[in-house]
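Chains as they are written, first to last, in my numbering: chain R, 1 to 194; chain E, 1 to 194.
Everything labelled a hint here was simulated from the structure, so no lab data went into it.
Computed from a predicted structure; not experimentally measured.
Virtual Cβ for every residue (Gly too), placed ideally from N, Cα, C.
Here are the simulated DSSO-like cross-link-like pairs (lysine-lysine), alpha carbons at most 30 Å apart as the crow flies:
hint, chain 1, residue 1, chain 2, residue 2
1, R, K50, E, K40
2, E, K68, E, K79
3, R, K68, R, K79
4, E, K50, R, K50
5, R, K50, R, K40
6, E, K50, E, K40
7, R, K68, R, K50
8, R, K40, E, K50
9, E, K68, E, K85
Not the full set, but computed from the structure, chain R residues with beta-carbon under 10 Å of chain E:
hint, residue
10, Y100
11, M113
12, L157
13, A168
14, P180
15, R190
Protein chains: 2
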Amino acid sequence: LNGYSDTREALLRAGVAALTEKGFGATGIEEILREASVPKGSFYHYFGSKEAFGAELIERYAAFFASKLNRFLRNPSRKPLQRIKDFVEDADSGMARYDYRRGCLVGNLGQEMSALPESYRQQLCDVFADWQYRIAECLRLAQVDGTLSASADPDHLAEFFWIGWEGAVLRAKLARSGSPLYIFAGGFFRLLET
Amino acid sequence: LNGYSDTREALLRAGVAALTEKGFGATGIEEILREASVPKGSFYHYFGSKEAFGAELIERYAAFFASKLNRFLRNPSRKPLQRIKDFVEDADSGMARYDYRRGCLVGNLGQEMSALPESYRQQLCDVFADWQYRIAECLRLAQVDGTLSASADPDHLAEFFWIGWEGAVLRAKLARSGSPLYIFAGGFFRLLET
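Just need the whole structure built from these sequences, with the hints factored in.
Encoded structure:
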């Protein structure tokens, strides 16, 4: 085992879990170290600063989430709009698995942005732009197969989706239920029919 | 001047501002005391605990917001759906006034719920239920005046509104722009036409 990279990995995992659950402000470096069983004081051996650590956590979560979105939104065995529904159901299962305590790292940090290093703002906006692009791509496929009207605006609808979706994740955490996810998604899909 | 209640009031004001901007986890009691020019250590003279203080801040914000909603949603000089649009525009002006740094106290705390006193959960859910009731009431008036279809479900639509709206406020803070508020509201109003 490579001790250095294993420890670094354990810190990143603990960091993603904490930021997904509580956000940046409520997470202390000490609890990350404790969670990863890394001795106090060795954090700066692995990361230059809490700011650099957070930036890497955003990047890591974005990569994890992009591969999740690929899995659903590019699934050739499902029709395009069904792929988005599959994503919604998976999001509910994923949240249920942690008793709706964990939400979206990017949403949490967006919410806290006023208290975060200013450098995170563009990074978080870029992640949303990437997710928006992926949903828009799927909606364009739905236009090709005729399940979405040719007059619909995929980019605008995809932007709407992520704006509301983060609210739905927030409310699912609060209500400890997937119901807000389905209520939001239901409205979104009705909008696609207009 | 009544020193006790003036100081208490100053602490509540500083608390609402901090929780609207950064949330509970990132806010320290010391900065609230500093902001309100109250000597360190006297906090427990005014509030039993940080938990009790937070509960009072939620209550206070809810009362402030309910009176704002009344002002817009019960405005007899506007048609019911226009009242909701007026609320959206006022929300944008309100956020712009603080350079989109401050969002919604209830949304911030909902986001952080996993790290908050469990007693806040019901309190926050009740606030959303109250807001939902007020929007539903306005949508029912729109059904009476014929601008909303009689077959629409005002309660469901109002629930959808607040689920997505909190996402829009979050994104407005991140983007430092009112654009997400209008994109979400635009989709909501299109949904009302279906």
